[in-house]
Amino acid sequence: MNRLFTKPLYTSTAASIPKPPPPDPAAAISNFILSSPTPTLPSTTTPWTPHLVDSILKRLWNHGPKALHFFHLLDNHHRSYTHSPSSFNLAIDIAARLHLHTTVFSLLRRMRSLRIGPSPKTFAIVAERFASSGKPDKAVNLFLNMHEHGCHQDLASFNTILDILCKSKRVEKAYELFRVFKNRFGADVDVVSYNVILNGWCLIKRTPKALEVLKEMVERGVKPNLTTYNTMLKGFFRAGQVRQGWEFFLEMKKRVGVVDVVTYTTVVHGFGVAGEVKRARNVFDEMIREGVLPSVATHNALIQVLCKEGSVEEGVLVFEEMLRKGYEPNVTTYNVLVRGLFHAGEFGRGEELVRRMEKEGGCEANFQTYNMMMRYYLECCEVEKALGLFEKMGSGGCLPNLDTYNVLISGMFVRKRSEDMVVAGKLLVEMVERGFVPRKFIFNRVLNGLLLTGNQGFAKEILRAQSKSGSRLTKKFRL
DNA sequence: CGTCCGTAGA
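Converting from the first sequence to this note's numbering requires adding 1003 to each position, the first position being numbered 1.
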């Protein structure tokens, strides 16, 4: 017997009163919409509320065209209901993901005519879409023209656009914009603007450039804050500069005189990634001695370190310890520990922990949980188990994402069976229908598999899907 | 959705 399952998850075990699950109108309505062949609004007694509409849009996330139809029907035919700004933002996000630029701009105009936006958040969503689909210039232009859509440009929205560019690794572009606009706002750029740029350089592992930013801000009289230093610290570890990271940490304690839970968590995680379990543990102990209370994230970092470099049993001990101290583990805590258990080949214990997480831990499995478990099942040729999880995802609140499809399709090759090739093909067609853009080598693999197993007919269908997805066809597969 | 810590990263 292992200790994990001989103890209650929580010290206080309230008597569980069996309750019927509450009816979920969002689930019912989304299922209705998905099953109707033509766009229709259900006749429902449930009143439309922004919250309900938002939940439905989220459930229909992977069925973008249907989601947008629903949004438009409600917008056009219900005189008594007006969409909320948050529903508009969701619809705009969906349209942008499907590259429906005309729809995006008509939704922006509609928001304006209803005098409910667009807000800076709306612009952030559209800009983020542009940036992550390889169009950073369009993101910048959107920012430069946002006043034409009735949205005021200020320092906050400037910082947002910088951050969006940095997070999509367009740091050079962000830095360029930063240099041009640094003096253009009533208040000058501030510590946040500098922090965003500094973080950008760290994200692409260019710590010397990050240090230059730090120097520049001091020269310009912008005082770095703890976030600045924590960002720099993380940058060293991310770039694999463990020694510099450690020295920077010592400097922070000595010269800045203040470190916080984020600082310590960064170092614990940094040492973990570098494989330095002992030093990670030492830092964890040190923070407690210094009177800095570890957070759930700190524990998650330590558990991950132990599972990866030490043994999963040590991770379990820390998990139990945190329960004893009264921490509420979150889904990340469970995910790192479940990964540890699966990694150690303890599939049964991992599955049991997921069940407990959902039943007693108050956490829902998310796409990271599902994707990770499917990866391990497929690694062991447990194709049915992985497909079972995929089914469960589709029917629940956690939607398959691009990663899910990549994991599953790659996994269809482990058994080298002809029927698995067909499943891979179906998944590929499905992901294209849902607006994901599979990478070309995925198409090639599936096409190869189908041709080798004599499925020429299905291979043709895949090629049609490939041309629809906007991906260029591979010459050797022209049939 | 104005910046920093936890789910792998290439």
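The set of hints was computed from the structure by calculation and includes no laboratory data.
One or more of the hints may lead you astray.
[What the hints assert, rightly or not] 30 Å max Cα-Cα, derived DSBU-like pairs, lysine-lysine:
no. : residue 1 : residue 2
1   : K1388     : K1328
2   : K1208     : K1226
3   : K1138     : K1443
4   : K1281     : K1226
5   : K1256     : K1170
6   : K1208     : K1061
7   : K1170     : K1061
8   : K1124     : K1226
9   : K1257     : K1226
10  : K1172     : K1141
11  : K1443     : K1061
[To be verified] Cβ pair distances, simulated, as ranges:
no. : residue 1 : residue 2 : range
12  : E1151     : G1391     : 46 to 52 Å
13  : E1387     : K1257     : 34 to 40 Å
14  : G1391     : G1137     : 49 to 55 Å
15  : V1264     : E1215     : 45 to 51 Å
16  : C1383     : R1327     : 32 to 38 Å
17  : N1228     : L1405     : 34 to 40 Å
18  : R1082     : R1420     : 40 to 46 Å
19  : E1422     : A1031     : 21 to 27 Å
20  : S1413     : A1030     : 28 to 34 Å
21  : P1026     : G1329     : 49 to 55 Å
Note that the structure is a prediction, hence the values are computed from the model and not measured.
Note that CB positions come from ideal geometry on N, CA and C, so glycine has one too.
Checked hints:
1. K1388 x K1328: violated (36 Å)
2. K1208 x K1226: holds (23 Å)
3. K1138 x K1443: Since the Cα atoms of K1138 and K1443 sit roughly 20 Å apart, the hinted pair holds (cutoff 30 Å).
4. K1281 x K1226: Outside the cut-off at roughly 35 Å; violated.
5. K1256 x K1170: Answer holds: K1256 to K1170 is near 29 Å, not above 30 Å.
6. K1208 x K1061: Not satisfied, since the Cα-Cα distance of roughly 34 Å exceeds 30 Å.
7. K1170 x K1061: holds (23 Å)
8. K1124 x K1226: holds (28 Å)
9. K1257 x K1226: Distance of about 17 Å is within 30 Å: holds.
10. K1172 x K1141: Distance ~15 Å between K1172 and K1141 Cα, so the pair holds.
11. K1443 x K1061: holds (28 Å)
12. E1151 x G1391: 46 to 52 Å: holds (51 Å)
13. E1387 x K1257: 34 to 40 Å: violated (58 Å)
14. G1391 x G1137: 49 to 55 Å: Given about 36 Å between the Cβ atoms, the range is violated.
15. V1264 x E1215: 45 to 51 Å: Given about 28 Å between the Cβ atoms, the range is violated.
16. C1383 x R1327: 32 to 38 Å: holds (34 Å)
17. N1228 x L1405: 34 to 40 Å: holds (36 Å)
18. R1082 x R1420: 40 to 46 Å: violated (56 Å)
19. E1422 x A1031: 21 to 27 Å: Since the Cβ atoms of E1422 and A1031 sit about 34 Å apart, the hinted range of 21 to 27 Å is violated.
20. S1413 x A1030: 28 to 34 Å: holds (31 Å)
21. P1026 x G1329: 49 to 55 Å: Given range 49 to 55 Å: violated, Cβ gap about 34 Å.
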